[in-house]
Amino acid sequence: MSVDTASGTITAPVEVAHPRDEQVAFLLMTLALIVAPLFAYPFFLMQALCFALFACAFNLLVGYVGLLSFGHAMFLGSAGYFSAHIAKVWGWPPELAIIAAALGAGVIGLITGALAIRRQGIYFSMITLALSQMIYFFCLQAPFTHGEDGIQAVPQGKLLGFINLSDQMTLYYVVLAIFLFGFLAIHRIINSPFGEILKAIRENEPRAISLGYKTDRYKLAAFVLSATLVGLAGATKSIVAQNASLTDVHWTMSGEVVLMTLVGGLGTIFGPVVGAFVIVAMQNYLAGFGQWVTVIQGVIFVACVLAFRRGIVGEIAHMFKRSL
Amino acid sequence: MRSSVAITALAAALAWAGSAAAQNKNVKIGALSDQSSLYADIGGPGSTLAAQMAVEDSGMTGKGWKIDVVSADHQNKPDVGTSIARQWFDVDKVDVIVDVPNSGVALAVNNVIKEKNKVFLNSGAGTSDLTNKACTPNTIHWTYDTYALANGTGTALTKSGGDTWFFLTADYAFGAALERDTTNAVTKANGKVLGTVRHPLNSPDFSSFLLQAQNSKAKVIGLANAGGDTTNAVKQAAEFGITQSGQTLAALLLFITDVHALGLNASQGLTFTETFYWDMNDGTRAFSKKFASKMTSGAMPTMVQAGVYSAELHYLKALDALGSNPDDGAKVVAKMKEMPVDDSIFGKGNIRQDGRNIHPAYLFQVKKPGESKGPWDYYITKATIPADQAFRPLSESECPLVKK
Amino acid sequence: MIPLLGISTQALFGQLLLGLINGAFYALLSLGLAVIFGMLNIINFAHGALYMVGAFCAYFLLNLIGLNYWFALIISPLVVGFLGMVIERTMLQRLAGLDHLYGLLLTFGLALIIQGVFQNYFGSSGLPYAIPRELSGGTNLGFMFLPNYRGWVIIFSLIVCLATWFVIEKTRLGANLRAATENPTLVRAFGINVPRMVTLTYGFGVALAALAGVLAAPINQVRPLMGADFIIVVFAVVVIGGMGSILGSIVTGFLLGLVEGLTKVFYPEASNTVIFVVMAIVLLVRPAGLFGRTA
Numbered sequence: 001m002s003v004d005t006a007s008g009t010i011t012a013p014v015e016v017a018h019p020r021d022e023q024v025a026f027l028l029m030t031l032a033l034i035v036a037p038l039f040a041y042p043f044f045l046m047q048a049l050c051f052a053l054f055a056c057a058f059n060l061l062v063g064y065v066g067l068l069s070f071g072h073a074m075f076l077g078s079a080g081y082f083s084a085h086i087a088k089v090w091g092w093p094p095e096l097a098i099i100a101a102a103l104g105a106g107v108i109g110l111i112t113g114a115l116a117i118r119r120q121g122i123y124f125s126m127i128t129l130a131l132s133q134m135i136y137f138f139c140l141q142a143p144f145t146h147g148e149d150g151i152q153a154v155p156q157g158k159l160l161g162f163i164n165l166s167d168q169m170t171l172y173y174v175v176l177a178i179f180l181f182g183f184l185a186i187h188r189i190i191n192s193p194f195g196e197i198l199k200a201i202r203e204n205e206p207r208a209i210s211l212g213y214k215t216d217r218y219k220l221a222a223f224v225l226s227a228t229l230v231g232l233a234g235a236t237k238s239i240v241a242q243n244a245s246l247t248d249v250h251w252t253m254s255g256e257v258v259l260m261t262l263v264g265g266l267g268t269i270f271g272p273v274v275g276a277f278v279i280v281a282m283q284n285y286l287a288g289f290g291q292w293v294t295v296i297q298g299v300i301f302v303a304c305v306l307a308f309r310r311g312i313v314g315e316i317a318h319m320f321k322r323s324l
Numbered sequence: 001m002r003s004s005v006a007i008t009a010l011a012a013a014l015a016w017a018g019s020a021a022a023q024n025k026n027v028k029i030g031a032l033s034d035q036s037s038l039y040a041d042i043g044g045p046g047s048t049l050a051a052q053m054a055v056e057d058s059g060m061t062g063k064g065w066k067i068d069v070v071s072a073d074h075q076n077k078p079d080v081g082t083s084i085a086r087q088w089f090d091v092d093k094v095d096v097i098v099d100v101p102n103s104g105v106a107l108a109v110n111n112v113i114k115e116k117n118k119v120f121l122n123s124g125a126g127t128s129d130l131t132n133k134a135c136t137p138n139t140i141h142w143t144y145d146t147y148a149l150a151n152g153t154g155t156a157l158t159k160s161g162g163d164t165w166f167f168l169t170a171d172y173a174f175g176a177a178l179e180r181d182t183t184n185a186v187t188k189a190n191g192k193v194l195g196t197v198r199h200p201l202n203s204p205d206f207s208s209f210l211l212q213a214q215n216s217k218a219k220v221i222g223l224a225n226a227g228g229d230t231t232n233a234v235k236q237a238a239e240f241g242i243t244q245s246g247q248t249l250a251a252l253l254l255f256i257t258d259v260h261a262l263g264l265n266a267s268q269g270l271t272f273t274e275t276f277y278w279d280m281n282d283g284t285r286a287f288s289k290k291f292a293s294k295m296t297s298g299a300m301p302t303m304v305q306a307g308v309y310s311a312e313l314h315y316l317k318a319l320d321a322l323g324s325n326p327d328d329g330a331k332v333v334a335k336m337k338e339m340p341v342d343d344s345i346f347g348k349g350n351i352r353q354d355g356r357n358i359h360p361a362y363l364f365q366v367k368k369p370g371e372s373k374g375p376w377d378y379y380i381t382k383a384t385i386p387a388d389q390a391f392r393p394l395s396e397s398e399c400p401l402v403k404k
Numbered sequence: 001m002i003p004l005l006g007i008s009t010q011a012l013f014g015q016l017l018l019g020l021i022n023g024a025f026y027a028l029l030s031l032g033l034a035v036i037f038g039m040l041n042i043i044n045f046a047h048g049a050l051y052m053v054g055a056f057c058a059y060f061l062l063n064l065i066g067l068n069y070w071f072a073l074i075i076s077p078l079v080v081g082f083l084g085m086v087i088e089r090t091m092l093q094r095l096a097g098l099d100h101l102y103g104l105l106l107t108f109g110l111a112l113i114i115q116g117v118f119q120n121y122f123g124s125s126g127l128p129y130a131i132p133r134e135l136s137g138g139t140n141l142g143f144m145f146l147p148n149y150r151g152w153v154i155i156f157s158l159i160v161c162l163a164t165w166f167v168i169e170k171t172r173l174g175a176n177l178r179a180a181t182e183n184p185t186l187v188r189a190f191g192i193n194v195p196r197m198v199t200l201t202y203g204f205g206v207a208l209a210a211l212a213g214v215l216a217a218p219i220n221q222v223r224p225l226m227g228a229d230f231i232i233v234v235f236a237v238v239v240i241g242g243m244g245s246i247l248g249s250i251v252t253g254f255l256l257g258l259v260e261g262l263t264k265v266f267y268p269e270a271s272n273t274v275i276f277v278v279m280a281i282v283l284l285v286r287p288a289g290l291f292g293r294t295a
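Chains as they are written, first to last, in my numbering: chain A, 1 to 324; chain B, 1 to 404; chain C, 1 to 295.
Any given hint might turn out to be false.
In silico DSS-like links for lysine-lysine, alpha-carbon gap of 30 Å or less [what the hints assert, rightly or not]: (1) Lys403(B) x Lys88(A); (2) Lys219(B) x Lys28(B); (3) Lys133(B) x Lys158(A).
Because the hints were derived from the structure by calculation, they are not lab data.
Given these sequences and hints, build the entire structure.
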């Protein structure tokens with residue numbers, strides 16, 4: 001990973017993209033996820049998938065556009081609240097609730113992005129943090145969120161009127177489908193002309209401007225896309241868990257997604273997925289260790305930064321000279 | 001002939017039914033608490049220990065039962081709590097969840113327990129909604145709730161002369177509930193609330209709010225918050241000479257571990273309500289000394305941890321009476337409601353239709369440093385509130401299980 | 001007593017003074033952070049945890065060795081400063097030259113470890129630490145009762161902040177330090193041991209955090225999580241002040257204390273969030289912060 005301390009951005013590995021490697025990896029990942037419920041507890045897998053989508057969408061912004069946001073939790077959490085409220089209080093079917101909530105997150109992304117994009121580097125990050133804190137405060141005060149009690153007993157309902165989401169296995173495959181949709185959308189964005197311009201902006205923004213591109217618009221578009229996909233993850237998550245709470249808008253959640261992406265590999269396509277699964281698995285399976293979980297998380301952070309900067313997938317990609 | 005055939009058939013049927021029922025004598029208990037943050041000292045590892053002690057003291061293993069205790073950290077996050085609960089029920093065959101401090105997590109887990117028809121013995125959370133709007137046939141709220149605390153402290157202090165109040169409330173649902181319930185108790189006792197200020201959760205500095213409280217000239221300053229907020233507020237109140245200038249400080253939710261953390265210098269004179277104190281009688285002393293000897297920190301049990309012990313003992317008694325584990329949470333809870341509660345910790349009580357466990361509550365005051373004979377010797381009992389007056393009366397309950 | 005917006009001026013002055021006192025804390029805490037960022041380009045997320053270690057150090061000094069508050073004011077920063085130097089030498093130095101992000105993530109991880117370990121051994125409720133006898137009691141200022149300790153806090157913090165600013169901006173040592181950040185190779189060519197300066201600076205920055213911890217111990221409960229509540233607020237202060245500017249964070253610290261004090265009177269629920277509103281506004285209007293220099 002090369003870095004540009006002057007403008008404070010991070011750049012992804014400048015490896016030549018090998019579509020073949022990515023297709024094989026994608027196939028393997030999909031197969032693994034299809035059979036996963038036979039080996040692991042589906043509820044845990046669904047949560048991991050939601051976080052994986054969250055991390056992938058976050059990675060779109062940081063790894064491919066070079067914008068590190070400290071406030072992405074605001075999209076996850078607010079979409080979660082929207083979909084919970086829409087499904088429970090308005091009584092909409094789950095697919096509409098999720099779509100509406102994702103779009104809602106996109107709107108928030110548009111407003112916050114328009115403000116944040118004006119600044120670069122660490123200042124961009126701090127503005128996203130500030131905006132996220134304001135959204136947290138709003139979520140805390142707004143009556144519809146019920147403060148720290150959160151929105152409970154969110155109904156799962158029937159997808160498209162007949163697919164019963166209360167059955168865990170059915171719900172799992174629906175969530176998997178949503179995840180794959182989001183993942184492919186991100187892949188499409190990255191590998192499109194639009195994506196090439198984003199990467200160009202990341203590498204050398206003044207040059208891109210001199211070539212005539214209105215970089216601010218591209219950055220804002222990427223921000224909104226990222227926000228919407230994060231919203232998709234958040235909305236799905238609250239249907240799966242059947243509740244929406246303040247944890248998802250808290251700034252530590254923004255920190256967690258950075259951790260997931262870092263552990264998996266910043267700027268790799270599959271990295272965030274792996275990172276999300278690792279972190280969620282750790283939280284679930286180490287819950288029995290109680291007090292040591294924070295320490296273990298801290299050790300992983302430190303180890304990753306000192307020794308495994310490329311992240312799990314990044315190291316694998318580097319070892320085998322593949323692009324993942 | 002026919003009668004002997006009938007008797008044999010009946011005997012065979014009974015034997016078969018008996019063996020079928022006697023099949024499942026496995027019980028798995030899950031202690032779900034906050035192991036690493038705000039409530040770790042109030043519940044946390046102490047609750048797990050209490051759960052294990054209850055298993056030992058129940059004598060059930062001697063009767064052929066196999067009882068396991070597992071524990072986990074919900075980190076004060078509702079989704080982690082529900083995730084653990086679901087995994088415990090679906091994969092690990094856990095039958096009952098105990099403790100769960102943090103009202104948000106408790107309410108979320110409550111829904112899962114109802115869905116899976118398991119048992120919820122909540123000791124740690126304060127929300128009175130667990131036996132009110134959110135009551136279920138699978139839930140028992142054992143130790144305390146915001147209504148009991150508010151009623152105890154609010155009524156007692158108002159009646160003894162503290163008839164004007166000012167609240168320092170944590171700006172979240174729990175704080176608001178505590179303030180609301182205490183306001184009701186105060187106004188019912190002919191007191192008046194002069195004002196209230198809502199502070200953000202986890203505020204390190206209360207000087208500004210305390211100054212507002214001082215300026216209001218209210219006789220009692222009510223702290224409708226918990227944990228670190230309460231201890232900081234108390235410490236800073238001492239610093240600003242609030243109690244010296246004549247105002248009484250009422251902590252609406254305080255545990256013995258908070259008093260220990262504050263030290264008697266800062267906390268002397270604090271008045272509050274709890275339902276358990278380790279030094280009340282021989283029964284509590286015996287349990288508490290055993291508990292303290294097994295805790296790495298040597299701490300005496302809080303009412304939450306004592307509640308876990310007591311609730312679980314009663315649960316195991318109910319299972320014993322049923323003969324086997326019916327794998328039906330509502331059935332066990334119904335049995336628990338049938339049987340009167342009588343243990344060495346909370347005294348005599350009973351569990352009502354809405355799942356509320358009724359027992360006496362006590363108004364405590366923290367001793368002055370000179371009055372204490374050693375660590376953990378902190379409380380004077382100022383008043384006892386009888387069981388039937390301590391909690392919200394059934395007539396005011398919105399629980400659908402209560403037949404009016 | 002003229003009521004101003006529903007509150008008497010007397011009460012208002014009281015709140016403003018309290019706000020200034022809190023501002024002194026923010027200033028002292030953000031000073032260390034600003035020194036570390038301004039000089040070393042490291043975003044030290046472990047600042048809150050080290051502040052906490054400073055407070056615990058004071059507790060241990062009193063309860064295990066019997067050294068009172070006045071000793072703690074000197075010894076605690078030295079101990080934590082040394083710890084900081086070890087951290088810098090063993091871990092942060094490897095990240096020299098990399099993006100800010102890595103320093104931030106590493107120190108964030110360290111904060112988790114330090115806080116987690118302390119929580120395991122000391123629980124979450126905290127430990128008592130009394131105000132030193134010489135500073136207890138208070139003075140009646142007419143519009144409010146001011147505890148003497150709080151008066152001490154504001155005076156002491158001001159002195160430390162101004163002294164630090166003076167050393168960094170006005171002395172030769174400070175000049176060398178500033179030069180070393182801008183152009184390490186050239187400064188090294190002058191024969192100055194740059195890595196050692198960096199290590200010492202980091203140690204100094206965290207020693208300031210520990211000093212703030214000792215100051216806080218008598219008024220806030222000494223708890224493992226006491227720093228976690230502060231950390232993003234302190235960041236906001238540094239950013240608003242301008243990330244390279246020492247004077248900026250001192251001024252902003254005090255200003256924030258005042259703003260927060262006013263918010264606590266008129267809209268108390270938002271008193272934790274107002275700093276972020278201010279930060280967003282400042283960053284949009286003056287991108288490098290109030291006193292910062294754009295890179």
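Structure-based check of all given hints:
| no. | hint | result |
| --- | --- | --- |
| 1 | Lys403(B) x Lys88(A) | holds, 28 Å |
| 2 | Lys219(B) x Lys28(B) | violated, 50 Å |
| 3 | Lys133(B) x Lys158(A) | holds, 26 Å |
In the structure shown, a violation is registered for the earlier hint numbered 2 alone.
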